[in-house]
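Taken in order, these protein sequences are the chains called A and B.
Per this note's numbering: the first sequence ends with 408, consecutive numbering throughout.
Per this note's numbering: the second sequence ends with 735, consecutive numbering throughout.
No lab work stands behind these hints, which were simulated from the structure alone.
Just so you know, these numbers come straight off a predicted model, no measurement behind them.
Beta carbons: idealized from backbone N, C-alpha and C, even for Gly.
There's no promise every hint is true.
[Claimed, not checked] Straight-line alpha carbon distances no greater than 35 Å define the calculated DSBU-like cross-link-like pairs of lysine-lysine that follow:
| # | chain 1 | residue 1 | chain 2 | residue 2 |
| --- | --- | --- | --- | --- |
| 1 | A | K113 | B | K654 |
| 2 | B | K654 | B | K625 |
| 3 | B | K562 | B | K601 |
| 4 | B | K625 | B | K678 |
| 5 | B | K444 | A | K179 |
| 6 | B | K625 | B | K562 |
[To be verified] Just a sample of chain A residues kept apart from chain B, beta carbon distances all over 12 Å, derived:
| # | residue |
| --- | --- |
| 7 | M49 |
| 8 | T79 |
| 9 | E102 |
| 10 | L124 |
| 11 | F208 |
| 12 | K211 |
| 13 | R216 |
| 14 | D228 |
| 15 | D261 |
| 16 | A292 |
| 17 | T294 |
| 18 | H342 |
| 19 | G343 |
| 20 | P384 |
| 21 | D392 |
Next come the chains, spelled out residue by residue.
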Amino acid sequence: MRIPGSGRICPDRLPGYAASVVFLLASMLPCSKARAADEIPIVYLGLDMPHHIASTLLDPPPTDSGLRGAQLAVADTNTTGKFTNQHFSLQVLQAADPATVENDFAQSLAAGKRLFVANLPADLLLKLADTQGAASAVILDATSADDRLRGADCRANMLHILPSRAMLADALMQYLVTKNWNRIMLLVGRDPDDALYADAIRQSAAKFQIKIRADRPWSFNAAAQQADTGHYQVNDEVLKATQGVTYDVLVVADEADHFGDDLSYRTEQPRPVAGTQGLVPEAWAHAMDEYASTQLQTRFHRESGRWMNAQDYGGWLAVRAIGEAATRAATADPARIIAYLHGPDFSVSGYKGPELTFRPWDGQLRQPVLLADENALVSISPQPGFLHQTNDLDSLGFDQPETSCHLH
Amino acid sequence: MSSALSIFGLAGLAFSATMLFAQQALAYRIFVSNEKDNTITVLDGASLSIIKTVPVGARPRGIVLSADSKSLYICTSDADHIEVLDLATLKVTRILPSNPDPEFMALSRDGKTLYVANEDNSQVSVLDVAQGRIVSEIPVGVEPEGMAVSPDDKTVICTSETTSMTHFIDAATHAVTASVLVGTRPRFAVFTKDGSQVWVSSEVAGTVAVIDTATHKVLHTIKFDLPEVPVAAIQAVGINLTSDGKYAFVDLGPANRVAVVDPKTFAVEKYLLVGQRVWHNDFSPDQKFLYTANGLSNDMSVIDIDAMKVTQSVPVGQSPWGVVVAP
């Protein structure tokens, strides 16, 4: 509480009698003009990723995924901050190479910054988390899906916003179980991330008793579809790759979009495609408009000129998590914000139904996972009937008894 | 014997005539806004038959009766304005400005001012009804939705959904005098008859906060425990309190139930199963019946308050959102 004269005071920050006196004094102006707002600086760390050609040249992936979500959340949170006398800023440190990111992080720590939102690959995240002096900071991993960051390589100063690959795979497998589509064929791309995605699918299939009838690598040159008449060749390749197998769904692991979009309508048997393309389990989708998310979707589109993707959603939710902790804990002190983020009272709304909370055993944000294609929301997992003794959202990914994270 | 019978018959006739007269004297109509087919369904209160389906602008949601009960104000959200339905002719006779995406509004008791929540641009528009002009815009939190005016017309309440706050606005100065944190996604606010409390429902948290209007403190948070319903489906939305202070009715959205709450103890007394995704409700003029708009089942449920039972379901338009009773 400040003494009158040094500035205005928000009436709702004062108890009982004092509030009613100040209420009269302050009633002519909104309390947002009361005094200089408490500053809450957030640092956004990004790394330029190598340019890659997606399956179509006409629709190149955006280069600012993640960041645009974080920026929207700062604007959203500052609207709230006007009423709590808090002001949030986002310092964007986008680097061309990992060494610069490490340097940016160390300098930010030295400058007293403690709240970080990261859009970085797993190895670099671990380096940052282990930096000297980083123990008193929090790194909100806004975009990664790596299970090892939630497992053997987990860190006490890191929280994970987007679903892990295990959660995505479980979301898909639960849906296949409800459809009684119990036999899949797995087609795996050549990137290291594709191997991780495929591993998650294999583990999840075993967990939900889905049979993998064939597990094959995809090795065909991805550039053929852009050549004139290339589609004939792609057709042949997909036919060959899917021949001689009896299955219900073709599951593809192609995180970088090299070939997954070419599979539909070309398989030997008429079968739907799911996984990284086709019916995709993901944190966010263009087609999502349930749970009042139309508001978030249109707000993002207005600000960014494109639709929100899962990485943008991760950036948005990471900043919203910090904002929610600062608002609810009524503090600008990073140590108290971090304590609230890790504490039992924290929750944040993510336009997907239930309030979202962190799993204390591995720092993963619990959340429903959407199942959608480009234009339609097909379902949201957990599927009805997949129950959990404390929280149905924990039927997705690694539950406490299964975790290999040993922080607590 | 025969004369006795005829006397009884006569008495019966006289009784029905009285009833008929009484019903005519108490005649009222029910108005339901249908979000997806751009209409207002007008029903006769006694027979519950549809009198007319009135086409209005795109996406009608919040509806409010004028102070003289002669007009209905309609937030046509996607048309970005407010339409005025004349209740004598059942025709839209006037368009009022509202700023973009009006979702819900509240009218001052003197009938002169409409306070409109503009969900898309984080403000409340203050509309002078007589002049048909916006006289002020009040910045509030993200996604404002619930609006209410205190019985003395001095305080306006706005709930902002993403900010999770209940804003108290001074109706004279348009200053936000207090912002009270409540459960996630607060969406509807209503004052008690004496103005001492404001009840605010939170959609995601699935709770109702009862706020003391003098101290701006949350006196109590009402929780709803329905073991047979998924937690995410328990979404508190519309609230109405009987003027005798006996009951509060809270619509629980996709839980498909209306909770009956004792306003003195805040205890939940009963859950009434209604249609799917119940949004808002309103009383008959004698407060013997409650009508609910059910967004997913395209119907209106009728609750007999004395019996505390759902007695009927009446099909209306597509995605019913708001319901208002006009005497």
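Against the structure, test the hints numbered earlier, and report the numbers of the ones violated in rising order. 1, 8, 16, 17, 20 and 21
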